[in-house]
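Construct all of the structure, not just a fragment, from the sequences and the given hints.
In case you want the letters, here they are:
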Amino acid sequence: MTIIHDPLSEEAASRIVRAAVAAATPLEIRGGGTRTLWSGSTNRDILSSAALSGIVAYNPAEMTMTAKAGTPLGDISAALAERRQMLAFEPLDLRPALGTSGIPTIGGVFATNASGPRRYVAGAARDSLLGVRFVNGSGEIVKAGGRVMKNVTGLDLTKLLAGSRGALAFLTEVTFRLLPVPETSATIVVSGLNDAEAAAAMATAMSMSVEVSGAAHLPESVCGRFAGGRLPAGAATVLRLEGLAGSVSVRSEKLQAAMARFGAVSSLDVEATVQLWREIRDVHPYADGTARPLWRVSVAPTAGHQLVAALRLEAGIDAYYDWQGGLVWLRMEADPEADLLRRYVKALGGGHATLMRASAEAMAATPVLQPQAEAVAALSARIKDKFDPAGVFVGAFAGA
Amino acid sequence: MEQIGFLPPKPAVLSRRREIVGDLKDLLPEGCLVHEPRSLVPFETDAFVSYRRAPLAVALPETTAQVAAVLKYCHRYGIPVVPRGAGTSLSGGAIPQEDAVVLGLSKMTRILEVDYANRTATVQAGVTNLSISDAVSADGYFYAPDPSSQLACTIGGNIAMNSGGAHCLKYGVTTNNLLGVKMVLVDGTVIELGGKALDAPGLDLLGLVCGSEGQLGVVTEATVRLIAKPEGARPVLFGFDSSEEAGACVADIIGAGIIPVAIEFMDKPAIEICEAFAQAGYPMDVEALLIVEVEGSEAEMDGMLQSIVEIAGRHGVKVVKESQSATQAALIWRGRKSAFGATGRIADYICMDGTVPLSQLSNVLRGTAEIVARHGLRVANVFHAGDGNMHPLILFNANDPEDAARAEAAGNDILKLCVDAGGCLTGEHGVGIEKRELMRHQYTDADLAQQMAVRAAFDPQWILNPSKVFPLEGRPAV
Amino acid sequence: MQTNFTPEQLADPHVATSEKILRKCVHCGFCTATCPTYVTLGNELDSPRGRIYLIKDMLENGRPADEEVVTHIDRCLSCLACVTTCPSGVDYMHLVDHARMHIENTYRRPFKDRVTRNLLAAVLPYPRRFRLALRAAALGRPFAGLFRRVKGLAPFAAMLDLAPRQVPKSSGSRPGTHPSVGTRRGRVAILSGCAQPVLKPQINEATIRLLTRLGIEVVAPAAEVCCGALVHHMGREEQALESARRNVDVWLREIDNGGLDAIIVTASGCGTTIKDYGFMLRLDPIYAEKAARVSALAKDVTEYLATLDLPEQEPKRLTVAYHSACSMQHGQKITTLPKTLLKNAGFTVRDPAEGHLCCGSAGTYNILQPEISATLKARKVKNLEATTPDVIATGNIGCITQIATGTTVPILHTVELLDWAYGGEKPAMLVS
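Keeping their order, the protein sequence lines are chains A, B and C. Read in order, the letters of the first sequence correspond to residues 1 to 400 in our numbering. Read in order, the letters of the second sequence correspond to residues 1001 to 1478 in our numbering. Read in order, the letters of the third sequence correspond to residues 2001 to 2432 in our numbering.
For the record, the hints were derived by calculation from the structure and aren't laboratory data. Among the hints, erroneous ones may be present.
To be verified - Chain B stretches covered by chain A per the calculated footprint, using a threshold of three residues with CB under 8 Å from any CB of chain A:
hint : stretch
1    : 1208-1215
2    : 1422-1433
3    : 1440-1451
Said to hold, decoys possible - List of simulated lysine-lysine pairs, DSBU-like, C-alpha gap at most 35 Å:
hint : chain 1 : residue 1 : chain 2 : residue 2
4    : C       : Lys2020   : B       : Lys1107
5    : C       : Lys2316   : C       : Lys2290
6    : C       : Lys2024   : B       : Lys1416
7    : C       : Lys2316   : C       : Lys2339
8    : C       : Lys2151   : B       : Lys1268
9    : B       : Lys1321   : C       : Lys2024
10   : A       : Lys254    : B       : Lys1170
11   : B       : Lys1010   : B       : Lys1072
12   : B       : Lys1268   : C       : Lys2024
13   : C       : Lys2169   : C       : Lys2333
14   : C       : Lys2343   : B       : Lys1321
15   : C       : Lys2169   : B       : Lys1025
16   : C       : Lys2382   : B       : Lys1229
Stated by the list, open to error - Okay, the calculated bits of chain B under chain C, using three or more residues with CB under 8 Å as the criterion:
hint : stretch
17   : 1033-1041
18   : 1081-1090
19   : 1343-1353
For every residue, glycine included, the Cβ atom is placed at its ideal position computed from N, Cα and C.
Structure below.
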């Protein structure tokens, strides 16, 4: 029977880990359980951060916050909203798309390095993470990093823990940097572009001095499902601008003028902008209540549309693009087609495809994470061993 | 006088010097190995000149394959390897030891690819930081991290130290702008991490390697993010009657949610030094100066400046001076970026790099002044105030051993103060040899043990830059 | 930087000076980035910081120079880009001068090396010998390829490559006084020079025409000798100081007979040295003060022209790539004046990329270090040609000779263009 441990303190977590090592009981680390990719053996106990909750320190003037790992993301967002601050990397809420429930936690956000549209210019979750406290697989309580923006004191274990998906250690506390919420935002929409034209338009927008903070392309097949139907008909290439109101309007004019040569240009107000980018972030069009395979593919921005074009000839797919075209959300009609997909990814200069959703059988039969080069995988396994020599933490990684 | 020890040289390596030199010669092209004792002396230190050890040999490979061959050889015989970029480290990160082969990347200086559509540049590790921006400037791009030594320091060195710079307040430090590396592991295996596709799942080895001070492997190529140049940029000088007021003003600017591109701080001694070198027109009748750079269109810059001027007004700002031309703006930055070197005109110095939370800036500035006075020395402060990254320059006379010892002691006290204020020992220069023994002040034994264990996953024999970063006592047995 | 000299060592004034210079270096490494040889070779030993360290080690230990040190000091172009870059104010020029002197005094060069150097020192500073040598070179040119392939003879191949196809007729700027046209506004001496009048007499001719038209009396004193730069850079200090003393005497005589507003130098390499006479002769009780006076009067021709308020001219449709000689920009810190003069004279002036890097000429460097020199020349020519100029202008004969062998773009001295713009004839090289 699976036991769920939810320790109230680091010390308690440490005792649980030591006991599990002694009893040779694997532990699966869990935050809110909203982003679980791993669906292996049920012969393990759960180590949950749910009871490690609460904001430890919020210093708006320094734009930093420290919170226990199990603090619900909602609590954090609410506290930040009061001071008009935010997490720069726009954490995703994948519950609708993955059909999961539960409460996303701040620890889970960092442990999965979950980053939304602004990632392309403001960095990923890992770039906002300043320091962590964790319990390693030997039950030792360890801290890494700190609470200042610049810190190169010793090895950057903070980066290593970000995105480690519970393979290395049990996060107990995270310290992260914040940004002020922009005074306003707007979206420039270029309509009717095909995927290749959109890639060129986005590259042009990103080369301009207008600080585009989101560049996505929504082909005709998905476009109508965004922003409550407020996008013009046809494919929409959308570019977000944020900042002081005066500045946004100046940049908006400049950008619209430059985009006019690509297609019909219109714009969305702040309210529609907020909704649109939340939906892009959360994979809204594929929150379809199905288990049709959903891939998150990261490639060089100019390769995204080439990948999709190539796949279209061989499989039934639907796709839209974020990160200037470098992040492709790909829904397959039937089979995950992992080999096909990964072969094209490799041929187009490399990248990685993560299977986010599929039927239980398909999930079990498919390597959900992109296989790593042998030397890199071996190195990762050695590192895992240095955090968790007994292999008590079972997680999403090979060797775990 | 040296207070920090090096690992004792391995007799088994020293006694094979001749053989090792012969073997390395076979692995490298003509002119790529320095081994005559007298020619090794110039490699005995970097920009942290208090410590010096001439190496056994200096290998200057021209290709990744040659780097791999040298590492493989050294790994096989347990010969320590000290990687070196341009040797501009202020923490002694590139200082060799007697039994070490220095692996210098100074011949690997090619820009391999510039990809504007994806906004990336791929370069060899020996390319200097500034030459990346120079190569793409005419096309409207730049590479953002700008350490003051950017003219000379290499991208490989920047990655090793996760270097920052004045403009990192807005654009982030090296780790935030690094997309991928090709690196050679200690046994000669070549791996690639990251690339133009972002955020690979799996452990973030790229993030770990950045800032690892040559302890995990040798980076030979890097892919970095290019950014479109802003429409305009304007540095503005704000003069104050006291360092504390200037420090408090910085905290208030950031606290108000205003993030300029850069907020740099200079106290009076630093202003005098920089003005003497650059003639940038810094105000001379103030105790402290902030250089605040804003960027964007004229209207955007005006808007942001207005808010900053208002805040500065609340702190009794005495002088507000906008740069009048591109030439003056360049001079303002030239003076700031040459501050350390220019200090050499008046004294020897050691440069600290502690970083503190912004709310502590004023306190730590005051504390620094007290510490330095207690040790009977002088200090000049010039640093990246916007992110709390302080650089007290402790002035001393290197030809007076007692003075040098006092300077080192004062430096240690200052760094401890930074840690106690909630900060860290080093914001962008790295631990190197300089701060190695202070690591215990910031980290517990368990914290350090975890870092050292990870290090050992890459280099179980501890031959990569082995005298650096981690206190000599308490290391895992090899 | 810490130094270790004994009080006895410091009793030597040369060592004392070098010690002061070394103390200023903080080993920051900025100088490496702008050093042509480091950029080319990628070895710190071939950078200013490496050389400073080699020199420091040699002097501290009171050692004679050895082959390693000599190799790396010899590779230094003395372009002084490092001095411009150095934030700490390290006087590398006088440090490397001291090192060269030390090498000359303590190191016996291999035979072939000695022959080459003796030959250069015996010929180049003497116009008559130089002219004869160039005529001989015309006969020797067919053997250049052969020399290049024989180790040790490369310098001779380089000499043959550099020698002009046609040796110009002897200079029109013979010793004597060239009176001003119209009212005399000033009186200057002009350095006749040694190699320049043989290679390009047009430069001083243009200078004299221009200055006299502008109301300046120009005197070219007899008995003047080579400024000493060539032998100075070979470490032959006594020979250099002897030249300096003779010239100081010559010019002081002119100052006493009619006064001088300036000593005009049209080769920036020479200018750097003459401006340094005060330092070179600082230990000579008889000449120290006199030499300082002479140094203070020495002016590059563009420096002097800038004081004459030349009127702005109509734009010419001619694009000039301005190549700043190292001795001009780093040695004398003259950076914008020549360009301003050219712009005012109606030319479109372009700056090449990497303008701080040496063209590889550097006195006798292109003869003694032909390989590095050729690499630097190619890099310089590429940058100059990238500006798509009609003509290249520069202020040093060495650069003119060097760059001319790498490009088909005509190259002139700045003053030749100015002479044309202010009433002189169009330079022959531009008449097609």
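Hint numbers contradicted by this structure: 5, 8 and 15
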